[in-house]
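Each chain, letter by letter, is given below.
Number of protein chains: 2
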Amino acid sequence: MACNVAILGFGTVGSGVAEVLDMNKDSITAKTGKEIAVKYILDIRDFPGSPYESLITHDADQVFNDPDISIVVETIGGAKIAYEFTKRALSAGKSVVTSNKELVSTHGVELLKIASDNNCSYLYEAAVGGGIPIIRPLYKCLAANKIVKIAGIVNGTTNYILSQMKDEGISYEDALAQAQANGFAEANPAADVDGIDAQRKLSILSTIALNGSYVAPDGINTEGISKLTLDDIEFEKEIDCALKLIAYFSNNGEGKPSVYVAPHYVSRKNLLGSVDGVFNAIMVEGNALGESLYYGQGAGMLPTASAVCSDVLEASVTDGVPAEIRLWSEKAADIESYGEIKCDIIVRLDGRADQALALFADYEASKLSGNAILVKGIRHKDIEGILEGESDSKWFHYLG
Amino acid sequence: MACNVAILGFGTVGSGVAEVLDMNKDSITAKTGKEIAVKYILDIRDFPGSPYESLITHDADQVFNDPDISIVVETIGGAKIAYEFTKRALSAGKSVVTSNKELVSTHGVELLKIASDNNCSYLYEAAVGGGIPIIRPLYKCLAANKIVKIAGIVNGTTNYILSQMKDEGISYEDALAQAQANGFAEANPAADVDGIDAQRKLSILSTIALNGSYVAPDGINTEGISKLTLDDIEFEKEIDCALKLIAYFSNNGEGKPSVYVAPHYVSRKNLLGSVDGVFNAIMVEGNALGESLYYGQGAGMLPTASAVCSDVLEASVTDGVPAEIRLWSEKAADIESYGEIKCDIIVRLDGRADQALALFADYEASKLSGNAILVKGIRHKDIEGILEGESDSKWFHYLG
Chain A
51 MACNVAILGF GTVGSGVAEV LDMNKDSITA KTGKEIAVKY ILDIRDFPGS
101 PYESLITHDA DQVFNDPDIS IVVETIGGAK IAYEFTKRAL SAGKSVVTSN
151 KELVSTHGVE LLKIASDNNC SYLYEAAVGG GIPIIRPLYK CLAANKIVKI
201 AGIVNGTTNY ILSQMKDEGI SYEDALAQAQ ANGFAEANPA ADVDGIDAQR
251 KLSILSTIAL NGSYVAPDGI NTEGISKLTL DDIEFEKEID CALKLIAYFS
301 NNGEGKPSVY VAPHYVSRKN LLGSVDGVFN AIMVEGNALG ESLYYGQGAG
351 MLPTASAVCS DVLEASVTDG VPAEIRLWSE KAADIESYGE IKCDIIVRLD
401 GRADQALALF ADYEASKLSG NAILVKGIRH KDIEGILEGE SDSKWFHYLG
Chain B
51 MACNVAILGF GTVGSGVAEV LDMNKDSITA KTGKEIAVKY ILDIRDFPGS
101 PYESLITHDA DQVFNDPDIS IVVETIGGAK IAYEFTKRAL SAGKSVVTSN
151 KELVSTHGVE LLKIASDNNC SYLYEAAVGG GIPIIRPLYK CLAANKIVKI
201 AGIVNGTTNY ILSQMKDEGI SYEDALAQAQ ANGFAEANPA ADVDGIDAQR
251 KLSILSTIAL NGSYVAPDGI NTEGISKLTL DDIEFEKEID CALKLIAYFS
301 NNGEGKPSVY VAPHYVSRKN LLGSVDGVFN AIMVEGNALG ESLYYGQGAG
351 MLPTASAVCS DVLEASVTDG VPAEIRLWSE KAADIESYGE IKCDIIVRLD
401 GRADQALALF ADYEASKLSG NAILVKGIRH KDIEGILEGE SDSKWFHYLG
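Chains as they are written, first to last, in the working numbering: chain A, 51 to 450; chain B, 51 to 450.
Treat each hint with caution, since some may be false.
Stated by the list, open to error - When the alpha-carbon atoms are kept at most 20 Å apart in a straight line, the in silico EDC-like pairs for lysine to aspartate or glutamate are as follows:
hint: 1; chain 1: B; residue 1: LYS381; chain 2: A; residue 2: ASP118
hint: 2; chain 1: B; residue 1: LYS306; chain 2: A; residue 2: ASP326
hint: 3; chain 1: A; residue 1: LYS137; chain 2: A; residue 2: ASP118
hint: 4; chain 1: A; residue 1: LYS196; chain 2: B; residue 2: GLU69
hint: 5; chain 1: A; residue 1: LYS319; chain 2: B; residue 2: ASP268
hint: 6; chain 1: B; residue 1: LYS81; chain 2: A; residue 2: ASP76
hint: 7; chain 1: A; residue 1: LYS319; chain 2: B; residue 2: ASP72
hint: 8; chain 1: A; residue 1: LYS81; chain 2: B; residue 2: GLU85
hint: 9; chain 1: B; residue 1: LYS196; chain 2: A; residue 2: ASP118
hint: 10; chain 1: A; residue 1: LYS319; chain 2: B; residue 2: ASP442
hint: 11; chain 1: A; residue 1: LYS196; chain 2: B; residue 2: ASP290
hint: 12; chain 1: A; residue 1: LYS199; chain 2: B; residue 2: GLU304
hint: 13; chain 1: A; residue 1: LYS381; chain 2: B; residue 2: ASP326
hint: 14; chain 1: A; residue 1: LYS196; chain 2: B; residue 2: ASP384
Said to hold, decoys possible - Pair ranges (Cβ atoms, derived):
hint: 15; chain 1: B; residue 1: GLU288; chain 2: A; residue 2: GLY420; range: 49 to 59 Å
hint: 16; chain 1: A; residue 1: GLU414; chain 2: B; residue 2: SER166; range: 39 to 49 Å
hint: 17; chain 1: A; residue 1: LYS163; chain 2: B; residue 2: GLU134; range: 25 to 35 Å
Just so you know, these hints were derived from the structure itself, not from any lab.
Every value quoted in this text rests on a predicted model; they were computed, and no experiment measured them.
Idealized CB from N, CA, C, for every residue including glycine.
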C-alpha cells in the first residue's frame, strides 16, 4: 500500500523531508506497513539537476485536486500562501504536517478546527524545537499532569550568538555577522534577535500547556538579545550563570499564567545553563512529574525534517482516523499582564551591592558578589521605580 | 462517559496512580472527554484508613470478569503474578498499562502479541526512565530516524550512590547504606547495584531502537557499580569526567548492534556528565535528528505515576482502537558478542601514562594526564591481554 505525499516549498526543510524519506525508506516502510512516496514538490522555482526535479510542479491545483495525495507537508513558511494552501489541503481532507511556527501560532485555532471538521490531522511537532520531541511529549506523555512551568532555549540563532560572544569575547554585532556568515542567521535577523521566533514558539507551548486555551503571540511581552553587551555576557562568570534567551511560562496556581520572552541569567546548576551553540533545550515541569528536560538540535535541515517526517508517519498510520487533534479554543487565555508578573531578577550596581540590598529591602534579596544581588518575587512594574535615579544600574531576569 | 480502571498492586507506584488521577481529575476529564475512575484496587493487603479503602479488593475474578473495566494498571512488579494477571487482562480485551520493566523486558514479545490479538493496548512508557517521556519519543517522535546510539543513566539508585560518593567523599558501602536509609535503595539492592534494572530497561530501549527485533535482557553483558572505589570516583576530577552507570546501545551500520551496561567515565562536555542524584537522562541519536536528550525523575511515586496515568489517558482515548501497538519480533536480534564490541576506554596506570601509550601503540590513543590515557575503538577481548602483567592497571569505558 502506498501513501502519497506532496511537499509545499522546497527550501531547507522541504528538501530535508524528501531526503529523510529516501534515506530511511526501508525502515519507514517496515514501521508503517506502507510505502510513503513523495508524488509532488510544489515550488515556484525549478530545480534543474536535482534528483527530485521530476517531482517539481508549479501547479497548486494539480496537488490539491489529486485524490491520491493524502498528506501535505507545508514547509513554505510565513502566514500568507502557507495559510491559504493549508486551509485548502485540510478542507480537502488531506492531513497537513508543518514546521511553520508563524502559521501555527497565528492561525492554529482555525486550522486545527478545519482539520477536525474534515477528519484529517494538522501536525506541528517540528514547529517548536526543530527535531526535538516536545509537542507530543507535552500533550501526550505529560497528559496526566498540570503543566506548572516551561523554560526554554527555543531559538538556535540567538543561542549561537550568545555562545560566540562568550567563547570568542566579541561584541553582539560581530557575533551576529559571524552567525550570518555561517548560515545560522538570516540577512534580516529581526525575527530571531528580537525574540519573535521564540515568541511564536512560546505561544504554541503555552497554548498546549493551558489545554488549548489560546495564547496569541502578540500578547506575549518579548525582549530580544540585541541590547546585550559583551560586558553583560562576561558578567555571567562572576555570578556563575549563563546569559540565555528564555521563553518562559508559569502557571503555579497563584494568579493568572505568566508568559514572556526575555534574556535570563541562568544558574550553572540548571542544565539549561550548559546548552550552548545552536542547540535548543526546553524544561517542562508537571505537577506530578516534576522537572523534565528535552534537548537537541532546534533547527537545521535534517533535524527539522526528522520531526516533520515522524509526523508524516503518524498521519499515514492514522489515515482516516484524525489522531493527535486537540483543538485550541477560540477564547483567548487570560494571562497576567507583564507589569503584574512576579519574577526573580539579578540587579547589578557595580561596587554597590550593599546599596542594592538596601533598595530592595522589602523583598527577599541576597548578595551574589560585590556588584550584584538576587531579588525574588518582584513585580515587573515595581523594578524601574526602585532603580530610578541609580545611574549605571542594570537588571536581568534570573532562572535558578 | 466514564472509563473504569483497576489498579493491580497498591504499592508506591499504584498509590501514586490513584493520587494523580484524583489530583488532576478536572484537567484529565477536560482532555479526554470522559471521567477516568478507579473502580478497584487489587492487593493482598487491606489499607484501613486509606481514602481508597473502599476500592480495595482481594478477588482477582471480580476485576477480570467485570466488563466495565476497560483499563488495568499493573503496578505489582516482578514477572510471576504480574505476568499471569497481564495475560488474563489482555486476553479479556482490557488494555494494560504498566511500569514493570522486568515483565516488559522478559515477556514483551508475547504480551504485545496478546494485546494486538485482542484489540487492546499494552503500554509501558513508565517502564523506562520513570516519568521521563522516552518510549513514545523513541518510537513515535523519532519514527523517521534510524536509531544510531543510545546512552542512558537509567537507574536512579546507582546514580544517587555515585553522586553521594563524590559529594560526601564516602565509600561505596557507606553510600549504599545511606541510600537505603533514605529510601533510594532497597534492603536487597542487587537488582540496582548489579545493573540488572538498567539491563532490563536497555533491553526495552534496544528492542524499540531495532524496530521490534527483540534484545533479551539476559543477552546483555552487564557490569554494576559494586566494585567501584572512592579512588575511582575521585579520579574523575583529574580527567574532567563523571563516573556514571551507562546503558549503551550502538548501531552505526558497522557490524552488528552493540549493547551493554557498564560504568563509564563521561566527559563533562557531555550533558550526561552533569546528571546527578536520583535523576535519569537518556541520550538518543537518530540518523536524521542527531543527538537528543531526555532528562527527569526516573523513579519515585508521582513521577512514575505521571507516565502511567498518561498511558491510561492514551488507552482511554483510543479505547477500541489499539493505538501504540508495535509488535516485537519473536526472532531475537543478532547483537554483537561482548568480546567483539569496539569501545573507547580510559586506561589508568598511575605515574606511567607514557608506558600505557606504548602498550596501546596499535590504537588511536592519547594522554589525558600523567596517570591515564584514552584509547579509542578497541575490542573488549583485546583489552585484558594488553594489560596482562601490568600491576595496578585499571580500565573503564569512556563516553565523550
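For each hint, the structure was consulted:
1. At roughly 36 Å between alpha-carbon atoms, LYS381 (chain B) and ASP118 (chain A) are farther apart than 20 Å, so this suggested pair is violated.
2. Proposed proximity of LYS306 (chain B) and ASP326 (chain A) is contradicted: the alpha carbons are some 33 Å apart, above 20 Å.
3. Restraint check for LYS137 (chain A) and ASP118 (chain A): the C-alpha separation of about 18 Å stays at or below 20 Å, so the hint holds.
4. Our distance criterion of 20 Å between C-alpha atoms is met by LYS196 (chain A) and GLU69 (chain B), whose separation comes to about 13 Å.
5. With a C-alpha separation of about 38 Å, the suggested pairing of LYS319 (chain A) with ASP268 (chain B) is violated against the 20 Å cut-off.
6. As the CA atoms of LYS81 (chain B) and ASP76 (chain A) are separated by approximately 36 Å, the hinted pair breaks the 20 Å bound.
7. The hinted pair formed by LYS319 (chain A) and ASP72 (chain B) fails the criterion: a straight-line CA distance of about 33 Å is larger than 20 Å.
8. A hinted pair counts as satisfied when its Cα atoms are at most 20 Å apart, and LYS81 (chain A) with GLU85 (chain B) does not qualify at roughly 33 Å.
9. Using a Cα cut-off of 20 Å, the hinted pair LYS196 (chain B) and ASP118 (chain A) is violated, with the two alpha carbons roughly 28 Å apart.
10. Proposed proximity of LYS319 (chain A) and ASP442 (chain B) is contradicted: the alpha carbons are some 36 Å apart, above 20 Å.
11. Simply put, LYS196 (chain A) and ASP290 (chain B) have alpha-carbon atoms about 38 Å apart, too far for the 20 Å limit, and the pair is violated.
12. Note on LYS199 (chain A) and GLU304 (chain B): the hinted pairing is violated, with a Cα-Cα distance of about 42 Å set against a maximum of 20 Å.
13. A C-alpha spacing of about 42 Å is found between LYS381 (chain A) and ASP326 (chain B), which places the hinted pair above 20 Å, so the restraint is violated.
14. As the CA atoms of LYS196 (chain A) and ASP384 (chain B) are separated by approximately 42 Å, the hinted pair breaks the 20 Å bound.
15. One distance hint, 49 to 59 Å for the beta-carbon pair GLU288 (chain B) and GLY420 (chain A), is violated here, with the actual separation near 33 Å.
16. The beta-carbon spacing between GLU414 (chain A) and SER166 (chain B), approximately 56 Å, falls outside the hinted interval of 39 to 49 Å.
17. At roughly 47 Å, the beta-carbon separation of LYS163 (chain A) and GLU134 (chain B) lies outside the given 25 to 35 Å, and the hint is violated.
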